[in-house]
Amino acid sequence: MRAPLALVPRGAPSRLWTWASPLLALLLTVACGMLLFGLLGQSPWQAVGMFFVEPLSTKRGVAEVLLKATPLALCAVGLALCFRANVWNIGAEGQLIAGSMAGAAVALAGAGSGSWIVGAAIVAAAAGGMAWASLTAWLRDRFNANEILVSLMLVYVAQLLLSYVVHGPLQDPAGYGFPQSPLFDRAARLPLLLAGTRLHVGFLLALAAAGAAWLVLARSVIGFQLRVAGVAPRAARYAGFSSRRVLWTVLLASGALAGIAGGAEVTGPIGQLTPSVSPGYGFAAIIVAFVGRLHPVGVVAASVLMALFYIGGELSQSRLGLPSSLTGVYQGLLLLFLLGADTLIVNRLRLRAAAA
Amino acid sequence: MDAAATLVAASIAAGTPMLLAATGILVHERTGVVNLGVEGMMLLAAIVAFAVTHGSGSHLLGFAAGAVAGVLLAAVFAFFALVLHANQYATGLAIALLGSGTSAFIGLPFSGEGLPARGADGIALLRELPLAGPVLFGHHAAVYVALLLAAVVAWTLSRTRAGLVLRAVGESPASAHALGIPVRGVRFAALLFGGACAGLAGAYLATVYTPLWAENMTAGRGWIALALVVFATWRPARVLVGAYLFGGVTMLQLYLQGIGVEAPSQLMSMAPYLATIVVLALISRNPRWIRLNMPASLGKPFNPNA
Amino acid sequence: MTATPRLALRGIGKRYPGVVANDGVSLEVAAGEIHAILGENGAGKSTLVKIIAGAVAPDAGSIEFDGTPVAGADPAAARALGVAMVYQHFSLFDSLTVAENVALGVDRRFARGELAGAIGSAGERYGLPVDPAAHVHDLSMGERQRVEILRALLARPKLLILDEPTSVLTPQATEALFATLRQLAGEGVSVLFISHKLDEIRRLASRCTVMRAGRVVAVVDPRAESEQSLARLMIGGQPPQIAAHDTAPGQPRLLVDALPLADGGEPLSFDVRAGEIVGIAGISGNGQNALMALLAGERLARAESVRLDGAPIGALGPRERRALGLRYVPEERIGHGAVPELSLAENALLTIDRLHRRGFVQPAAAQAYANEVVRRFDVRCPGATARAGSLSGGNLQKYLVGREVLAEPQVLLANQPTWGVDVGAAAAIRNALIALRARGCAILVVSEEIDELFELADRLMVMAGGRLSPAVPAHRLPVDELGRWMAGRWPQAQP
Chain A
1 MRAPLALVPR
11 GAPSRLWTWA
21 SPLLALLLTV
31 ACGMLLFGLL
41 GQSPWQAVGM
51 FFVEPLSTKR
61 GVAEVLLKAT
71 PLALCAVGLA
81 LCFRANVWNI
91 GAEGQLIAGS
101 MAGAAVALAG
111 AGSGSWIVGA
121 AIVAAAAGGM
131 AWASLTAWLR
141 DRFNANEILV
151 SLMLVYVAQL
161 LLSYVVHGPL
171 QDPAGYGFPQ
181 SPLFDRAARL
191 PLLLAGTRLH
201 VGFLLALAAA
211 GAAWLVLARS
221 VIGFQLRVAG
231 VAPRAARYAG
241 FSSRRVLWTV
251 LLASGALAGI
261 AGGAEVTGPI
271 GQLTPSVSPG
281 YGFAAIIVAF
291 VGRLHPVGVV
301 AASVLMALFY
311 IGGELSQSRL
321 GLPSSLTGVY
331 QGLLLLFLLG
341 ADTLIVNRLR
351 LRAAAA
Chain B
1 MDAAATLVAA
11 SIAAGTPMLL
21 AATGILVHER
31 TGVVNLGVEG
41 MMLLAAIVAF
51 AVTHGSGSHL
61 LGFAAGAVAG
71 VLLAAVFAFF
81 ALVLHANQYA
91 TGLAIALLGS
101 GTSAFIGLPF
111 SGEGLPARGA
121 DGIALLRELP
131 LAGPVLFGHH
141 AAVYVALLLA
151 AVVAWTLSRT
161 RAGLVLRAVG
171 ESPASAHALG
181 IPVRGVRFAA
191 LLFGGACAGL
201 AGAYLATVYT
211 PLWAENMTAG
221 RGWIALALVV
231 FATWRPARVL
241 VGAYLFGGVT
251 MLQLYLQGIG
261 VEAPSQLMSM
271 APYLATIVVL
281 ALISRNPRWI
291 RLNMPASLGK
301 PFNPNA
Chain C
1 MTATPRLALR
11 GIGKRYPGVV
21 ANDGVSLEVA
31 AGEIHAILGE
41 NGAGKSTLVK
51 IIAGAVAPDA
61 GSIEFDGTPV
71 AGADPAAARA
81 LGVAMVYQHF
91 SLFDSLTVAE
101 NVALGVDRRF
111 ARGELAGAIG
121 SAGERYGLPV
131 DPAAHVHDLS
141 MGERQRVEIL
151 RALLARPKLL
161 ILDEPTSVLT
171 PQATEALFAT
181 LRQLAGEGVS
191 VLFISHKLDE
201 IRRLASRCTV
211 MRAGRVVAVV
221 DPRAESEQSL
231 ARLMIGGQPP
241 QIAAHDTAPG
251 QPRLLVDALP
261 LADGGEPLSF
271 DVRAGEIVGI
281 AGISGNGQNA
291 LMALLAGERL
301 ARAESVRLDG
311 APIGALGPRE
321 RRALGLRYVP
331 EERIGHGAVP
341 ELSLAENALL
351 TIDRLHRRGF
361 VQPAAAQAYA
371 NEVVRRFDVR
381 CPGATARAGS
391 LSGGNLQKYL
401 VGREVLAEPQ
411 VLLANQPTWG
421 VDVGAAAAIR
431 NALIALRARG
441 CAILVVSEEI
451 DELFELADRL
461 MVMAGGRLSP
471 AVPAHRLPVD
481 ELGRWMAGRW
491 PQAQP
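Chains as they are written, first to last, in the working numbering: chain A, 1 to 356; chain B, 1 to 306; chain C, 1 to 495.
By construction, these hints were calculated from the structure, which means they are not laboratory data.
Glycine included, each C-beta is placed from N, C-alpha and C at the ideal position.
Hints may be right or wrong, so weigh each one.
[Claimed, not checked] No more than 20 Å apart at the CA atoms, straight line, and that leaves these computed lysine to any residue pairs for SDA-like:
(1) C/158 / C/4
(2) B/300 / C/94
(3) C/158 / C/76
(4) A/59 / A/233
(5) B/300 / B/147
(6) B/300 / A/114
(7) B/300 / C/335
(8) C/158 / C/81
(9) C/158 / C/33
(10) B/300 / A/86
(11) C/158 / C/168
(12) C/197 / C/164
(13) B/300 / A/191
(14) C/158 / C/68
(15) C/197 / C/33
(16) C/158 / C/179
(17) B/300 / A/233
(18) B/300 / A/7
(19) C/197 / C/223
(20) C/158 / B/158
(21) B/300 / A/346
(22) C/197 / C/227
(23) C/197 / C/174
(24) B/300 / A/234
(25) C/158 / C/62
(26) A/59 / A/191
(27) B/300 / A/13
(28) C/158 / C/69
(29) C/197 / C/168
[To be verified] The following residues of chain A were derived to be distant from chain C, with all beta-carbon distances above 12 Å:
(30) 138
(31) 223
(32) 280
Input sequences plus hints: build the corresponding full structure.
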């Protein structure tokens with residue numbers, strides 16, 4: 001018994017579908033979202049409104065979307081570099097947490113200093129994320145250990161470390177025993193971009209990171225080397241490109257970016273170190289990287305999209321009492337549908353001719 | 001000595017979900033497919049089993065429901081990876097995220113709830129024996145099922161034609177296809193089996209091991225199970241040893257408290273993850289050895305029409 | 001009255017994206033006949049037999065087996081009808097034993113002890129001895145082919161198909177295979193034999209279907225044809241001329257001194273002089289790739305074990321060696337010599353280091369370089385921006401050879417430079433190598449094609465089992481002597 005539809009390989013990848021596939025995936029996800037809303041007793045069109053229209057209808061709303069998009073974009077730009085080089089860094093969440101701890105430590109240690117302290121905190125956050133990522137790099141380089149499993153194990157370690165730190169060394173002595181650090185000084189907070197909103201300069205950092213990543217990928221030698229390493233490792237060896245250099249470059253870069261994302265969260269909207277520094281940004285960034293086609297510009301657009309998912313989820317929780325964990329479902333569906341739609345880039349759907 | 005017996009028994013119980021999950025992973029990885037979605041499958045199965053047991057009062061029904069949930073997610077994975085030829089690693093990640101998101105969603109009304117107490121585990125009378133009692137005879141039925149499953153898989157792989165076909169597909173799907181073996185069908189079946197095993201593992205966790213529901217309660221066990229299969233070089237007997245050893249590592253806190261060591265609980269909870277990293281590093285050090293033992297087509301897409 | 005043919009193909013057609021593999025192909029094989037399919041690389045032979053074996057479905061046409069129509073692409077059904085195939089790149093499972101491999105290939109269920117016995121007796125009967133308990137990864141190429149054939153024979157086939165079976169055999173082993181095939185034909189088994197080797201077809205087959213560009217151009221009795229007439233049918237014209245050559249070699253440019261291929265392996269020593277081509281003959285898999293990797297810098301060795309114009313380079317990477325004038329054309333185009341997803345211009349960035357400047361790539365310069373290669377080496381493509389994967393095998397190989405030659409190397413290493421390439425492109429590549437030699441370059445060519453080596457090389461060496469024979473002038477080595485050397489039996493070098 002043969003299926004009536006067949007997937008037939010194309011001669012060359014379809015450029016149309018390379019960009020149409022994320023749109024198709026988004027459409028399918030939205031359709032599922034509307035279906036879910038309907039099943040939960042709400043109006044499906046309300047779903048569309050709550051996720052896509054309402055957050056963008058006020059200046060404050062747009063600022064919140066861009067605020068949410070900032071850590072996503074920072075992480076995803078780094079992950080795009082990693083995935084392009086076929087280095088599967090799944091531990092951005094851990095690198096983000098490590099960065100947030102390092103940034104918080106500096107911010108708290110420099111309490112009472114001038115406004116340079118926030119710059120130092122961000123630098124420390126980048127260093128913290130880099131250090132965390134270097135563990136994965138070292139284990140892969142020296143021991144050939146699979147980076148997927150190592151970076152993921154380190155996420156759990158980072159989460160436990162964070163929990164220990166906010167219950168212990170960095171805990172607010174005047175905080176009634178709550179697991180959180182003292183609030184940071186005003187000087188240790190990121191300056192705002194738009195008055196009356198929470199949008200901070202971290203957003204500019206994200207845009208700068210995307211621009212730098214584009215330049216590296218398109219024009220630099222190391223960018224070319226990592227692209228080749230990702231699709232044809234034997235050719236990279238033939239050319240004499242150092243796979244070790246590529247590995248460390250992409251992991252340190254993405255670690256630094258994820259660290260900055262963590263640092264920006266604690267010196268930005270949160271203002272202190274808490275156990276829930278990140279609602280899974282590091283994992284959502286993986287989806288953002290794929291939806292953005294591993295291209296720095298696409299990644300920025302995809303991070304805005306993912307931010308809408310987060311905010312829509314929060315809105316539907318506060319307004320309609322729907323669980324915010326729906327966001328996680330939508331994120332998983334988006335990635336799944338994207339992977340499915342990507343088939344059409346290399347394959348063509350054809351109706352199978354009736355058997356002779 | 002009693003403490004030692006308790007520790008060993010606890011290690012076996014703790015290692016059982018990993019044994020179940022890893023056995024299933026071993027079977028489908030032997031056919032050359034990598035499914036990173038185990039964590040998500042276990043979580044979804046956990047909440048489904050919990051909900052069904054909570055509602056029906058029957059553990060058996062809960063386990064069955066958990067297995068079905070695992071099979072369902074595995075079928076989704078199989079469709080995307082085998083029929084649509086999507087990248088196996090990315091698809092597995094998507095399943096992991098989808099599974100954990102869906103489980104959090106379904107589990108909301110059950111957050112913090114517990115299950116009614118069940119009767120004592122194990123075989124009556126025998127479990128009262130000193131030392132051997134708790135270690136060998138005092139476990140829930142699922143522990144013995146896990147052992148039996150591992151044994152059956154080991155025997156099937158090495159002694160039967162089905163096992164031969166499975167190994168052949170994992171070694172070279174192109175050659176197997178040329179010989180007329182239905183590569184896609186074999187891989188599909190292996191994935192569904194893996195899904196059922198992950199489902200049983202999740203069900204055991206949520207209804208027997210810690211009979212309550214909390215978001216992300218698998219705490220990375222699915223990922224550790226993936227690593228476990230690598231450590232065990234894809235051999236069922238080694239998976240057994242590794243799973244129980246890891247069970248032992250998770251019991252570290254118990255052991256240290258027993259000998260009077262005080263340490264922050266979070267740091268001690270890091271033990272299984274750090275242990276996984278260390279063993280992974282030691283095992284992977286020799287790339288030739290890994291390549292020799294790994295199913296040759298692992299993770300590589302196979303499209304006979306390409 | 002003619003008997004029903006064992007196999008009858010009518011009007012078989014098959015297209016892949018961008019290429020017509022088979023077009024209106026008709027073929028008939030009688031019972032007990034040895035039938036050859038002759039054609040150069042890319043003529044459509046492999047696709048055709050995959051269709052016969054049920055591994056691929058045809059887009060058009062019909063197949064009849066002993067008069068019964070056969071439908072669809074179903075390897076199991078083909079096997080049930082009595083079709084057995086021995087693939088060019090064997091379909092064996094390395095980590096399984098011989099017996100397990102055979103068990104997978106036959107539909108009959110053997111009891112555990114029975115199979116080993118059946119393998120033993122079939123092996124004896126057809127001159128194909130092999131140990132049923134051995135693991136395939138321990139076997140030599142010739143032994144592996146025996147397993148493939150035994151697996152096919154134990155299924156009691158009525159039609160045995162062999163795809164380029166002699167490409168991995170020494171001349172002596174080839175004779176043994178032919179004896180087996182004649183024995184089978186005598187027992188009524190039809191044999192379908194694919195090859196591009198004219199002399200073998202004339203020795204073995206009683207009928208030959210000649211294919212070119214996916215179509216059948218002639219069906220002849222090869223014993224009544226000469227090699228020239230067969231070649232003309234295969235190519236469709238006169239074979240291209242190779243430029244005559246006559247140069248006197250200069251100083252050694254590449255010196256290999258006690259270089260082991262692996263830890264504890266036998267150390268190899270030889271040299272390549274300016275203005276000469278040294279050829280290394282031998283079946284693939286005897287250490288040639290390891291040697292090339294060590295010479296090109298993909299693998300590192302002791303610094304003094306490889307010298308270029310006197311300087312020790314054994315510990316240098318590919319970039320440093322290129323800077324000193326050593327260039328390399330690897331065996332595999334796709335994924336090794338070129339990245340198929342990138343354009344020809346970007347592929348130039350792989351080995352032309354002057355296209356990088358201070359950490360940035362120079363896209364315009366790369367484009368210009370690629371265009372120059374395309375122009376000088378007659379690469380048929382839409383231009384330097386074409387994806388490398390979209391070029392045909394011959395054109396991509398011309399580009400890769402041209403990419404290295406245009407950079408004016410002092411020493412060039414070429415691994416199977418015309419493998420899988422059409423005759424026109426192969427001639428162009430060989431002429432390019434000869435022209436390069438005339439400019440004083442030292443060239444090392446590894447090739448499986450004995451004819452190519454005799455055409456190109458001034459001196460010849462043979463590689464077998466990781467060891468290298470002494471180098472002798474090519475005209476002093478007759479073919480059957482070469483065959484013995486390929487089996488590892490060469491006299492020790494005179495001091």
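Checked hints:
1. C/158 / C/4: Since the Cα atoms of residue 158 of chain C and residue 4 of chain C sit roughly 14 Å apart, the hinted pair holds (cutoff 20 Å).
2. B/300 / C/94: holds (17 Å)
3. C/158 / C/76: holds (15 Å)
4. A/59 / A/233: Between residue 59 of chain A and residue 233 of chain A the Cα gap is close to 47 Å, so the pair fails against 20 Å, i.e. violated.
5. B/300 / B/147: Judged against 20 Å, a Cα distance of about 31 Å means the pair is violated.
6. B/300 / A/114: violated (55 Å)
7. B/300 / C/335: Holds. Residue 300 of chain B to residue 335 of chain C sits at ~15 Å (cutoff 20 Å).
8. C/158 / C/81: holds (8 Å)
9. C/158 / C/33: Since the Cα atoms of residue 158 of chain C and residue 33 of chain C sit roughly 11 Å apart, the hinted pair holds (cutoff 20 Å).
10. B/300 / A/86: Holds, at roughly 14 Å.
11. C/158 / C/168: Violated, at about 25 Å.
12. C/197 / C/164: holds (9 Å)
13. B/300 / A/191: violated (48 Å)
14. C/158 / C/68: Holds: residue 158 of chain C and residue 68 of chain C sit about 14 Å apart, inside 20 Å.
15. C/197 / C/33: Between residue 197 of chain C and residue 33 of chain C the Cα gap is close to 19 Å, so the pair holds against 20 Å.
16. C/158 / C/179: Answer holds: residue 158 of chain C to residue 179 of chain C is near 18 Å, not above 20 Å.
17. B/300 / A/233: Distance of about 15 Å is within 20 Å: holds.
18. B/300 / A/7: holds (18 Å)
19. C/197 / C/223: Given pair residue 197 of chain C, residue 223 of chain C holds - Cα atoms ~14 Å apart, limit 20 Å.
20. C/158 / B/158: Between residue 158 of chain C and residue 158 of chain B the Cα gap is close to 33 Å, so the pair fails against 20 Å, i.e. violated.
21. B/300 / A/346: Since the Cα atoms of residue 300 of chain B and residue 346 of chain A sit roughly 16 Å apart, the hinted pair holds (cutoff 20 Å).
22. C/197 / C/227: Holds - the C-alpha atoms of residue 227 of chain C and residue 197 of chain C are around 10 Å apart, at most 20 Å.
23. C/197 / C/174: holds (12 Å)
24. B/300 / A/234: Judged against 20 Å, a Cα distance of about 16 Å means the pair holds.
25. C/158 / C/62: Cα-Cα ~19 Å, so holds.
26. A/59 / A/191: Satisfied, since the Cα-Cα distance of roughly 18 Å is no more than 20 Å.
27. B/300 / A/13: This hinted pair holds, its Cα atoms lying about 19 Å apart.
28. C/158 / C/69: Holds - the C-alpha atoms of residue 69 of chain C and residue 158 of chain C are around 16 Å apart, at most 20 Å.
29. C/197 / C/168: holds (13 Å)
30. 138: Consistent with the label, residue 138 of chain A stays out of reach of chain C, its closest Cβ about 22 Å off (over 12 Å).
31. 223: The claim breaks: residue 223 of chain A does not keep its Cβ more than 12 Å from every Cβ of chain C (closest is about 8 Å).
32. 280: holds (32 Å)
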